[in-house]
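Make the complex out of the two chains shown on their own, each in a separate frame, by following the hints.
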Amino acid sequence: MTTQTTPQKPSGAPAAPDTGLIGIPPHLARALATGGGLLTVLSTFLAWTWTTAFPGNLTVYGYPGGLQVLVLVGGALTALLGLASYGVGGLRRLTPAGADPAVKFAALGTFATTWYTVLAISYQLGGLVNLEPGGWVAAATTLLTLLGALALPYRKPEPDPVDPDSTSWERTRHRLAHAGQTVRAAYAEILIIVGIMALALTVFTYGIGTEYDELFVGFLLTAGLGFAALHRAGLIAHASQITARHQNITICGAFVAAALFPFTQTDDQYATIGVYILIFATVALGLNIVVGLAGLLDLGYVAFLGVGAYAASLVSGSPSSPLDLHLPFWATVLVGAAASLVFGVLIGAPTLRLRGDYLAIVTLGFGEIFRITVNNLDGTSGPDVTNGSNGISSIPNLKIFGWDLGAEHTVAGFTIGRFANYFFLMLLITAVVVLVFRRSGDSRIGRAWVAIREDETAALAMGINGFRVKLIAFAVGASLAGLAGTVQAHVTYTVTPEQYLFAGTIPPNSAFLLAAVVLGGMGTIGGPLIGAALLFLIPNKLQFLGDYQLFAFGLALILLMRFRPEGLIPNRRRQLEFHEEADAPAVLGKTGA
Amino acid sequence: MTTDTSTKGTPGGTPSRETVLDARGVTMRFGGLTAVRGVDLTVNSGEIVGLIGPNGAGKTTFFNCLTGLYIPTEGEVRYRGRVLPPKSFKVTAAGIARTFQNIRLFSNMTVLENVLVGRHTRTREGFWSAVLRGPGFHRAEAASRERAGELLAFVGLAHKADHLARNLPYGEQRKLEIARALASEPGLLLLDEPTAGMNPQETRATEELVFAIRDRGIAVLVIEHDMRFIFNLCDRVAVLVQGEKLIEGDSATVQGDERVVAAYLGEPFENAPGAEELAEVEAAEAHAGATPTDPAATKENDR
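Line order of the protein sequences matches chains W and S.
Note that my numbering gives residue 578 to position 578 of the first sequence, counting from 1, and the numbers run on in steps of one.
Note that my numbering gives residue 140 to position 140 of the second sequence, counting from 1, and the numbers run on in steps of one.
Next comes chain S alone, as it looks inside the complex (with noise of 0.2 angstroms):
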């Protein structure tokens, strides 16, 4: 359960592996606080990246540097070979999507609407022909609605496309998010924190979710703080420790890693190591998923 080989490594084991994301040397300085220190990622196409780290280690505010939405103070991103321009939008038509720690959907628009508004930037049609409707307006309108109808297929939300955002569970806002993002065909999808405040039913969903979009052909690169996620998903994770890299590797090595263990993972209980106490808690969980609880209180958000 630790490594799911299987699943990984066969779609990228290609060897045309192109790199899609290239920061390099990213810091940011607020005044006089350095939120994130020169830190080197790379992701190859195909591939999933997990970047942990414990709280305020500056996950988000990298996370804000590769989206457009903070210019690094140094240093240089670069998606397939060319330098992110400085605005978030701009990103988004290059070919990187994001999803937000704290769900941000339009809550009064549809289901169908917040993916069509994802398609924005693979559009063209503006306000005249919107008004004068000419031919080219239907065509695009109408295979707008068919791609977006094929990714609430694809995220299992097709029968809920006439409903407002709003009024979704918890966990199909996450995954209505996700298909939002999609929208944009982008080659790179950064998830930051796609599970926070799922149940373990609903955290599985997520991490086959994400392998099916890899097998898409795009790259993901996920911040989370479930470490069985991460390690079962990701086939490489960078550890972010005050706004410094710390280790990147594959899931055995930084889980192997001393100063991981000491900054973020912890040391496992005395007499228990590893298989034991991991049996424990799925026995634990195993329990909490065959009777169902109130599914209210695990969607509680831990912050």
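Chain W with its partners taken away, still in its complex shape (with noise of 0.2 angstroms):
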């Protein structure tokens, strides 16, 4: 929508008094800004506070650590931004919409994570005498570069034409930055992609392995500003445009990226978070066929994790398990992904015939049946299957090819524990869903569940077997479902009911799936799976909220809905939407039935 009023102000643009929200000249906001994002990145590496005890250690002069090393990354992001805006050459090519806003962004987020730290500190400890110069320094820098920040014109000045009369010599190098685009793009895209990668695997790794809950809180405050910043900055559409041209390697890339996760740790702790993060991920993946695809609400489909966690501890030879088998695992993995299978078109075939509200009311439903019935198979009020609320405990691990995942194996110098076995398999689950996802998506019958979800009667007079279609998606999406249950239930030792509830604070159930796949973003790959990985990792490490915790989730996602609608990775179908919008004015075809 603002790419629309440039090209009606072809040349008057750089006269406007285009004024920011506080009075100061551009040229001196941009020095302001600039030069605060560097002296900032300085003021991280001096004391801030005299003692160790509280966050972390920042009494060293010298070189960053903790807090001061977002600040440091802030700054240096506020200040490369701030040389780009002024057109710097080389660092222009970061800014392809326009540098101010995304100082602003920057510079924003560098201000609330140092005050955040300085207040923190003179709260904790008790006075602002606990802060030493350095944090005085930087919390004065960051209010400088804000201030600075916040005065830049909403708008480039120079809307950067494509001059017609331009000298040949600027024609020239056009043509041959152009020329060099295209033989550089391939390789060039694709260590851009690489770089992405590594970047995000650095960022996630941070985020996972913050010690202590203020980290996180600036972690959190960093990395949204940062994100908010690359994203003003038009970077983020350039990247999403170089992975969209390199979908297969960009995939690869990503399973390369999380593969390479276990390796950056030096104990089994974060691994255990990894794990439970790509389980939680892989069914609200499966969960997106459903609901993102064929536009099935489902609020209980963390009993079809369920149904195969059960099913596979069932056979696993839990000696609290009734039946004597122990199958071997990719017997157990076809017994999990089956049963669930079973149950999603027993569950499907009589409610997918009705329309709308239905199935999301009989799905909640069932969600609660399943939970209760087996509670209730404890040998006093059923039969003695599932142990009631003690559930299938002490699964043994499993062994795949004489590989005991229970174990540690040290491989090439690094120690891969229990749970980077685990992280592993699930990494191998996670792509076969990946798979499934993106093969069925694009194809006939992944265009018959996006056409049902777009309008059903016409889908119908199209020749779709409407109800068959359905009970595919719903089918599909269980048995994926029952596919990671069977991790689940060797990973976690113990399966329970109390683990598939409808809402709770533990993240896989019901209602957070749903919030992963909306929040990450409605029928594509990448969203469910961060989504997944925000919502699991934000109340793990904010437990300091204690009964808030739920409140702040919620806030959390009124504040995305307001301002990021179609979820963090919006989809091909809503970014072509958007980018169509632009060209194309007249739509009239919005008809009613």
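Be a bit skeptical, because a hint or two may be false.
If you want the footprint, here are the derived chain S segments under chain W, 3+ residues with CB under 8 angstroms [unchecked claim]:
{"id": "1", "stretch": "100-106"}
{"id": "2", "stretch": "112-120"}
Residues of chain W placed beyond 10 angstroms of chain S at every Cβ, according to the derived structure [claimed, not checked]:
{"id": "3", "residue": "P133"}
{"id": "4", "residue": "F204"}
{"id": "5", "residue": "P328"}
{"id": "6", "residue": "N540"}
No lab work stands behind these hints, which were simulated from the structure alone.
Bear in mind the structure is a predicted one, so any value in this text is a computation, not a measurement.
Backbone N, C-alpha and C define an ideal beta-carbon position, used for all residues, glycine too.
Here it is as structure tokens:
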């Protein structure tokens, strides 16, 4: 929408007196923001407080630590974007969509992190006295940077026009740049993707490894507003274009980056979180087939995870399982997926003939029925199958081709613990789900799903057997969840009914799954994965919020839906929608039914 | 201008005229209300048949009986000699495709995808084939895309294949709906008010498109309120009034019938019968065409 204004004002822009929020002349403001960013970087090398008691070790002169690193990153980003706003050669490329809004966000991010740190120090340690000069310097510089950034004009004065009567030198340069681009394109873009993946891995690893709550809050502030800054700079759009062009490489790269994660960890502690995130994300991706592609609202999806987990645990050889069976892993997986498939078809067959909200109600009911039934199959209220609320416990570790997933292995000097083993196994399952999602989505059946979602009557009139197609989506979604359930049962040792709630504070539950899909972006692969990672990590890391955890979660949801309703990673269709609106103004096809 | 005999009748003149659609005594009751009563209608191959009548005469209900959305209370509908199955997707598979009175495109899919969805009944690739991606899958997908591209070129939308359907202008959405229906390789195409809300030029373009469809050997049954469009286009016209078929015949017969005039067409102005009034209308339209007014104004549906 913003781009529409630029062509209307071809040359009047430079003279236009656009002013920012604060009445500082633009050139001064720019200098302030850029210089402030640099000074902020320097300030992180000072000591901010005198004691190592609170937030980590910020007492050392000479090198930054903990929260200071975040401020350093933020300050560097601000300075970089500030320099780019001067049009410094080479840096201009960083900000295809104009540097000023990006500078604002970067400065805001740095300011928020710094002031959060400083205020936390003075609050926790009892007074401003506890700040060393470095803290004061940091607070002052970030404030100045923010003031400068806010004073920047709203729109960049020069709209970077393609000048028709530019000199021949400029045109040649333009052509050369273009030619260079085509040559570089293939390799450069792949390298960029690798860089993006490496960055994502670093950011994620840092986030997961934050040792104390304050550091994680700082991380969230910096990462969130930094992301916004990059988004405003147009880098995110640029990156998503590149990744869309090389989708296979991107997916492979993402898996390689994910597979490298356990190697960045020295102990098994964070691999645990990694496995749980992967389980959660995989199930969310399965749900995305049902919700995002076929448009069927499933509020009891976690029950299919439970069916898979219970089925797997029953044949796992656990002493508390009534069946005296110990199947190999491949058979367990088949049993889990098949059990979920059967339940999916059983639930879907009667309800998918109906339209709209009935399915949501029935699935909600099924989720609860599953949990309560499993709770009651304890030998007193019913037959002894699932051990009631105690669940099926001490599920033995998996052994695949002689590789004991419960034991530690040393591979090329790296120690791979139990959870890291399961992390790799789960990554394999995630790959299967991604493959199924991608391939089925881009096919006759996937188009039929989307058509049913868009307009069921028209889809039927086009010869699509709506019931059959919906049942396939439902069954595929259910069996993918069951697949993840088989691994989950082995990772957690114990399967209890209380793991499969409709809503709760521990992520794999139906409400969180749906939230992960909607937050991340319906109908995409990356969306649910990233949404699930965030939804798992944030409650996990913000334990100190205690009772306010769900409140904060709700607030975050509202904010995200307000500012980015299409989800973190928007669907291609939605992107196209925004893209098309700019050049096709005559949209009159909104005929109601 | 009233009867365009040159384009009419030529392809239909072949001796082997097969009955494509045969509706016998179709009656549709909703509770106590009889929307359609004992309607007979046949459509032969290579024929364009019109269905007209005042609003509420039961045209769309009758249409829905033909496409399997409703199951007629009495009577039966046969397509190439076989009774239609009672489900709309099976009817499409049998060879009857339709468009909707209010455009019902898959608005968040691209133009090409919309047409590909139309190919659904003519392809067989299921879930496993999509996941495993054998050579058969790629072959079928390529064939579907090629065919869809052909159809888009046929209706003149090839250059917009990657646009979202919702972003097409109104007239092109109508065209896309027709292309989507054609993708299911029908023997009979049912058009429900294909020119509703169109300006004269667009109506004329649609007329040509329908002739072109007929020339591909597809029989067409069309509901329309635009009388000039109908009488130009159709080999036969049936008039539906209050759920019953009043008359069926060629344009001249129907236009001359007193009952039709009384019930639907209305009397011409007293002192200016026929040709003069027509010339007046044409002049007005030509004027409107010469100075293209805001197309949005004419696109507004009259409902």
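Practice task
Identify every previously stated hint that the structure contradicts and give their numbers, smallest first.
Solution key: none
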